[in-house]
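Undergrad: Sequence:
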Amino acid sequence: MFDNAVWAPIAASAIVIVLIIVLAFVLRKIAHRMITRVVHRAAAKSSITSRFRKGAATDGIDALLRERRKQRAETMGSVLKHVASIVILGTAVLTVLDRLTIPIAPLLTSVGILGVAIGFGAQELVKDFIAGMFMLLEDQYGVGDVIDVGAAVGTVETVTLRITRLRDADGRVWYVRNGTITRVGNESQGWSRAYVDVPVAYDADIVSVRVLLEHLAKEIWADPELRESKILEQPQVFGVEQLSDSSVVFRITAKTLPNEQAEVAREMRIRVKAALDDAGVTMVAV
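The numbers in my numbering rise by one with no breaks, and the one at position 26 of the sequence shown is 786.
Hints may contain errors.
[Unchecked claim] Keeping only pairs whose Cα atoms sit at most 25 Å apart, straight-line, the calculated DSS-like set for lysine-lysine is:
1) Lys841 with Lys887
2) Lys978 with Lys1015
3) Lys830 with Lys887
4) Lys841 with Lys830
5) Lys978 with Lys1033
6) Lys830 with Lys789
7) Lys1033 with Lys1015
8) Lys789 with Lys841
Hints in this document: simulated from the structure, not taken from any laboratory.
Using the sequences and the hints given, assemble the complete structure.
TA: Shown next, in the form of structure tokens:
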């Protein structure tokens, strides 16, 4: 026959341990589900580009922003899930060991020493992860941004906690460890600026040329194709930018959507050339 006095405590401890384990996995499941819900909400936020635009949205930029938000949210969600799993399951294991009357103080000491040893051996890896965490939290750059990280300049293709993958203008792919990035120049946040220098002959009528360029700026702003997809404000004529013995240089600038400055500048040069030709104004070399 079973001795109830002996088996009853064992059965009670076994039931408590099972309950602790089940509760830990239930809490882990709930935490992961909540994190997943938050990630989906963060990735599905409405586009922020509308505050920079005067007309309709451009699908290409919206797609890049959606991909950027999605990747950022998923990366942070993955980190949070791992942290939640470690905290919940680690607490459950320690509680079970304590319930089994196994001394956990020596175990914690050993784990601490092992953690210090691993930390010293993986300092660069830890540095990369910490830098990646802050980069994502601060939203320094994302997929589709054109950035300059010192060692490489290019378009961001992938962002993880450890590395950032860039593709430069020649098609070369760069893998840059986040811990080695000490400064970032981002050409794709908010807006960009296009500018065109217009050199005309020294004896040209400055007032007439300025009026001509200001009229051209108004025409560019009135163009629905440019206004709705590329430029954010009416181009500005800054007047005489440079003087030399052979030319007077005017400058036109336009605030554009991110990464659209080159395309806008090319269009402005075409229109400036046509307008000056129609007015009989000669452009000269600077």
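Undergrad: Can you confirm whether the C-alpha distance between lysine 830 and lysine 789 stays at or below 25 Å?
TA: holds (22 Å)
Undergrad: Verify the proposed pairing of lysine 978 with lysine 1033, using a straight-line Cα cut of 25 Å.
TA: The given pair, whose Cα atoms are some 16 Å apart, holds under the 25 Å limit.
Undergrad: Lysine 830 and lysine 887: Cα distance at most 25 Å?
TA: holds (24 Å)
Undergrad: Under the criterion that the straight-line Cα-Cα distance not exceed 25 Å, is the pair lysine 1033, lysine 1015 satisfied?
TA: holds (20 Å)
Undergrad: Under the criterion that the straight-line Cα-Cα distance not exceed 25 Å, is the pair lysine 841, lysine 830 satisfied?
TA: holds (16 Å)
Undergrad: Is it true that the CA of lysine 978 sits at most 25 Å from the CA of lysine 1015?
TA: With Cα atoms ~14 Å apart, lysine 978 and lysine 1015 stay inside 25 Å; holds.
Undergrad: Can you confirm whether the C-alpha distance between lysine 841 and lysine 887 stays at or below 25 Å?
TA: With Cα atoms ~20 Å apart, lysine 841 and lysine 887 stay inside 25 Å; holds.
Undergrad: Given the hint that lysine 789 pairs with lysine 841, test it: the Cα-Cα distance must not exceed 25 Å.
TA: Answer holds: lysine 789 to lysine 841 is near 10 Å, not above 25 Å.
In the structure shown, no violation is registered for any of the earlier numbered hints.
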